[in-house]
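Novice: These are the residues of each chain, in order.
Protein chains: 2
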Amino acid sequence: MTFRFTSIGNSSAVPAYGRIPSAHILNYKESYFLFDCAEGTQMEMMRLGIRRSRIRHIFISHLHGDHFLGLPGLLNTLNLLNHQKEMHVYAFPGLKELIDMEMRISGHQFRFPLHFHDLEDEETPLLLDEAEYKVSSFPLVHRIPCRGFLFREKMPPRKIRAEKLAEYAVPVEEIEKIRSGSDFLTADGRLIPNEELTREGRPPRSFAYVTDTLYLEALAERLQGVDLLYHEATFMEKDAQRAEETCHSTAAQAARIASMAGVKKLVLGHFSAKYRDLTPLLDEARKIFPETYLSAPGLTFDI
Amino acid sequence: MTFRFTSIGNSSAVPAYGRIPSAHILNYKESYFLFDCAEGTQMEMMRLGIRRSRIRHIFISHLHGDHFLGLPGLLNTLNLLNHQKEMHVYAFPGLKELIDMEMRISGHQFRFPLHFHDLEDEETPLLLDEAEYKVSSFPLVHRIPCRGFLFREKMPPRKIRAEKLAEYAVPVEEIEKIRSGSDFLTADGRLIPNEELTREGRPPRSFAYVTDTLYLEALAERLQGVDLLYHEATFMEKDAQRAEETCHSTAAQAARIASMAGVKKLVLGHFSAKYRDLTPLLDEARKIFPETYLSAPGLTFDI
Chain S
0 MTFRFTSIGN SSAVPAYGRI PSAHILNYKE SYFLFDCAEG TQMEMMRLGI RRSRIRHIFI
60 SHLHGDHFLG LPGLLNTLNL LNHQKEMHVY AFPGLKELID MEMRISGHQF RFPLHFHDLE
120 DEETPLLLDE AEYKVSSFPL VHRIPCRGFL FREKMPPRKI RAEKLAEYAV PVEEIEKIRS
180 GSDFLTADGR LIPNEELTRE GRPPRSFAYV TDTLYLEALA ERLQGVDLLY HEATFMEKDA
240 QRAEETCHST AAQAARIASM AGVKKLVLGH FSAKYRDLTP LLDEARKIFP ETYLSAPGLT
300 FDI
Chain U
0 MTFRFTSIGN SSAVPAYGRI PSAHILNYKE SYFLFDCAEG TQMEMMRLGI RRSRIRHIFI
60 SHLHGDHFLG LPGLLNTLNL LNHQKEMHVY AFPGLKELID MEMRISGHQF RFPLHFHDLE
120 DEETPLLLDE AEYKVSSFPL VHRIPCRGFL FREKMPPRKI RAEKLAEYAV PVEEIEKIRS
180 GSDFLTADGR LIPNEELTRE GRPPRSFAYV TDTLYLEALA ERLQGVDLLY HEATFMEKDA
240 QRAEETCHST AAQAARIASM AGVKKLVLGH FSAKYRDLTP LLDEARKIFP ETYLSAPGLT
300 FDI
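Line by line, the protein sequences are chains S and U.
Okay, so the first sequence: first residue is 0 according to numbering that gives the first Met the number 0, each after it adds one.
Okay, so the second sequence: first residue is 0 according to numbering that gives the first Met the number 0, each after it adds one.
In case anyone wonders, no lab produced these hints; they're calculated from the structure.
From a predicted model like this one, the values you see are computed outputs, not experimental measurements.
Some hints could be false.
Here are the simulated lysine to aspartate or glutamate pairs, EDC-like style, with alpha carbons at most 20 Å apart [said to hold, decoys possible]:
1. U:K133 <-> U:E194
2. U:K95 <-> S:E290
3. S:K28 <-> S:D226
4. U:K95 <-> S:D99
5. S:K286 <-> S:D301
6. S:K95 <-> U:D187
7. U:K158 <-> U:E194
8. S:K263 <-> S:E244
9. S:K158 <-> S:D117
10. S:K263 <-> S:E243
11. S:K95 <-> U:D99
12. U:K163 <-> U:D187
With beta-carbon atoms standing in for the labels, derived distance ranges [claimed, not checked]:
13. S:Q108 <-> U:D117: 22 to 32 Å
14. S:V140 <-> U:E85: 32 to 42 Å
15. U:Q240 <-> S:Q108: 49 to 59 Å
16. S:G297 <-> U:P296: 17 to 27 Å
17. S:H114 <-> U:A295: 36 to 46 Å
18. S:Q108 <-> U:R55: 49 to 59 Å
19. U:R275 <-> S:E85: 29 to 39 Å
Idealized CB from N, CA, C, for every residue including glycine.
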């Protein structure tokens with residue numbers, strides 16, 4: 000039941016101090032969801048021992064180079080390593096054109112099914128709606144169209160109470176139905192309600208990815224109760240004017256969103272190359288939201 | 000008078016074992032000439048302490064991703080770091096289209112002069128013809144159009160013989176002319192030939208870059224006497240059939256070219272990911288051409 004977040008890259012526009020720009024993995028039951036794909040993502044994944052072949056879905060927040068320049072190389076490598084599984088890329092339309100052009104000039108063709116999904120500029124479109132989870136996107140405010148992503152597990156199935164199955168002599172073939180919410184009719188005609196036969200499963204888990212954006216207070220409502228929020232913190236509060244001019248957030252602003260949304264954990268990332276030491280950003284955010292962490296290559300949380 | 004070769008990436012199609020694909024720097028008097036630019040080139044340069052801002056000319060042999068996917072990020076970073084100097088890129092035309100599209104979708108513009116030069120499919124076109132050196136390109140045989148590059152220093156100026164200047168009382172203002180080859184007329188009317196006033200300068204230096212290509216015997220003539228030859232050696236001789244099918248060379252074939260051309264040093268690179276240990280490729284080549292070396296990140300030769 001893995002639900003694991005791992006940072007790969009935490010720099011903003013340019014690589015600096017050994018940090019590459021944005022790339023993050025969400026491992027959901029050993030299927031990987033990649034959020035942004037900066038240049039060097041495939042190498043960092045190799046270095047960190049994270050299998051590239053497990054990636055099934057790739058979400059590209061917007062088309063600034065530090066968020067997608069590693070995608071052509073990653074897809075190219077999977078292709079050459081004879082990847083077979085379907086791959087889904089969610090991005091603004093220019094990225095498909097670009098990948099198409101790259102394949103055309105190199106004379107290569109993808110040997111695995113590669114599907115592009117356009118991030119339209121609508122309110123909260125549902126990108127994925129699977130049995131166990133859904134992924135939606137929502138608009139951010141940046142210099143070019145940009146979207147955040149919200150991964151929410153659906154309500155996990157209720158748990159069977161073994162002692163009740165014994166008590167009412169439930170046959171094996173009825174168990175799956177009960178797990179899915181059915182009541183049970185005993186041999187002597189009594190209807191046993193599902194609530195008696197099961198107890199609540201664990202709470203559904205969630206992850207939100209927010210980069211790049213101006214401070215956007217409206218996000219707090221949308222992200223209520225999220226388990227792990229990744230939020231950009233390109234600047235410190237003392238550089239708030241620079242953040243506003245470039246449509247970015249400060250560490251304090253990210254913490255305010257986390258606090259208002261009542262999330263469980265906040266991970267800051269997308270750090271400006273002007274900060275070599277990142278601990279002041281952490282200190283700034285922790286004053287507002289104590290459960291804050293700094294993205295770093297390999298930083299991992301089991302949610 | 001620096002003339003220094005440094006390898007940055009030595010892998011073929013995919014990054015493997017911490018090796019990135021093709022990228023190499025020629026430092027000529029602190030101007031850098033970059034030969035190919037795989038994904039991760041800018042990070043590896045940072046790691047190796049090689050200043051990206053010194054790059055003036057970039058040569059892209061062909062449009063397979065492992066030779067150019069680092070270029071958008073490198074140019075993007077220079078742009079964000081407020082690079083001002085002119086940059087020249089020599090490549091097949093698709094690359095300019097691709098960079099143009101990347102700038103368009105990201106909404107960025109280059110703030111430094113960026114000039115693209117198309118590698119036309121002619122015989123030995125001269126790409127650069129400067130006072131001290133020239134760079135030409137020549138066709139290779141690969142699956143898509145591909146070219147090698149030859150950097151040749153021009154004959155350095157002759158050296159002044161100080162004792163002769165004194166003997167003939169040469170005025171200071173005449174010295175530059177003599178250095179450039181002029182004879183000298185003494186006050187009493189004697190013509191002193193330049194050969195007496197000067198001696199030969201050091202021999203001109205040269206570097207050749209050959210990747211990707213089928214074994215091409217005709218190269219030996221073109222590369223006669225080159226000081227340092229970089230030649231791809233994707234495979235070993237035991238995989239010669241695979242080399243031929245994919246239009247690549249073996250280590251032994253590269254060594255044969257080096258031997259026939261009478262070059263001084265051979266550097267092998269563009270290694271297939273099938274070889275983790277590269278010393279067997281070195282052994283194979285050294286049996287034919289002893290002055291062979293393996294490209295490795297940071298491997299440097301002062302020529």
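Novice: Looking back at the hints listed earlier, which ones does the structure fail to meet?
Specialist: 1, 2, 5, 6, 8, 9, 10, 15, 18
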